[in-house]
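So the protein sequences, as listed, match chains A and B.
The opening residue of the first sequence carries number 1 in the numbering used here; numbering runs sequentially from there.
The opening residue of the second sequence carries number 1001 in the numbering used here; numbering runs sequentially from there.
I should point out that these hints are in silico values taken from the structure, not numbers from a laboratory.
Computed from a predicted structure; not experimentally measured.
Calculated cross-link-like contacts (lysine-lysine; reagent style DSSO-like; alpha-carbon spacing at most 27 Å): (1) B:Lys-1020 / B:Lys-1180; (2) A:Lys-276 / B:Lys-1135; (3) B:Lys-1176 / A:Lys-225; (4) A:Lys-276 / B:Lys-1073; (5) A:Lys-230 / B:Lys-1176; (6) A:Lys-99 / B:Lys-1073; (7) A:Lys-99 / B:Lys-1135.
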Amino acid sequence: MREISSAKITEEVARLCMESNFELGEDVWRALEEGLKKEESPVGREILSQILENADIAKSERMPICQDTGLAVVFVELGQDVHITGGDLEAAIDGGVKKGYTEGYLRKSSLGDPLERVNTGDNTPAVIHIRIVPGDRLRLCVVPKGGGAENMSRIAMLKPADGVEGVKQFVVDSVRTASANPCPPIVVGVGIGGTFELCAFNAKKALLREIGSTHPDPFYAGLEKELLVKVNDTGIGPQGLGGRITALAVHIEVAACHIASLPVAVNLNCHAARHKEVIL
Amino acid sequence: MMAEYKLTVPLDTDVVSKLKAGDRVTLTGDVYTARDAAHKRLVDLLGEGKELPMPLQGQVIYYVGPSPTPPGKAIGSAGPTTSYRMDPYTPALIEKGLKGMIGKGERSEPVVDAMKEHGAVYFAATGGAAALISKRITKAEIIAYEDLGSEAIRKLTVEDFPVIVAQDSQGGNIYKEGQKKYAR
Ligand code: SF4
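Using the sequences provided together with the hints, build the complete structure.
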């Protein structure tokens, strides 16, 4: 048994909340620079330049890339040989979110109840996804998720007969309907298969993959490429003002599913595609 | 083709009517912030025939809920929020003299109709360029609804705030025109 203290977890989550909001990932940065070279629309190029300049300012001044610093979604992979000491894991994570969002001057956007709509004041509770894995390490990944892109996400329980064409159509339709709202250029996370909730979870998980990486399965690698072309052919462009760079990437996560089902979920991320992780 | 303008707020009707979808504009002067909750209160006040906490004639509302202000800065990060959520309230404010709005994403038909009838313009700022935009805000002062936190109404003094005319007072719409142009 390897011991990790809950205080250490709080400390690390607080740091990840701040860093993910101040520093755009290098993969996103690279993809935006590539996009700027390819964008044909002058307005689109202007916007991409602003986004890159913004990332520079945010990093050097330790300011949030976007004022919507999101709900804190935290993916946890807990090695089964880890023993957490000094308090419970979820409370330690919430403690880190509270500390990070307060000390980092990040916006608190969490409402305790969706209908009463009163702000909790410290951006807790976090949305926590825990998986138990072999080994004695703890992996924490903080994903600040803004409302603009999240609100444009969708799920459909397609008929098996709809097949891959149905999936493609649903993905492209979702992007088209979202148009300017999720702050394009976007990252498109697609879950295919599983049950209703696993499919939605996988669409979010797909957003964490490095931009520019290829799917390990050649079929899905090809489908991702094809979907990226289709999505960019909508002409939505940066901020929806028209252009060739609507998305930086399409990422697919697949799961086994029931003989009667073909679920597909689309979770969108804006160009402020933030996530930072640590392995303890 | 697209023109570039340096404008000062308040805006008058002549200026508004020459702006075309796609034009690049920088704004200097005072703008007011308001999001969903503040809009609801403003429109409720109008309904009761009461006075608003800020002027509307010729003014510009910026849809933003900034992040908290760190020490030594005028404001935290302050990019636009999605505008369609304000659509149910907007026509009533345009009727009372509001000339400009800054946000992100397309506006609905009733808003466009009010913009055409009374002469108002909708500007897009770059969503997510929030640290950059904060550099163009030199002063921020809460003037109403402090209880709403980041959604309180603030008076922002802006200098060369970069925006694009997204929907103009004649029905021009760069979302529709631009997307059509680059679709394959
Ligand atoms: S969609 Fe993303 S970039 Fe746009 S305002 Fe929301 S968090 Fe910021």
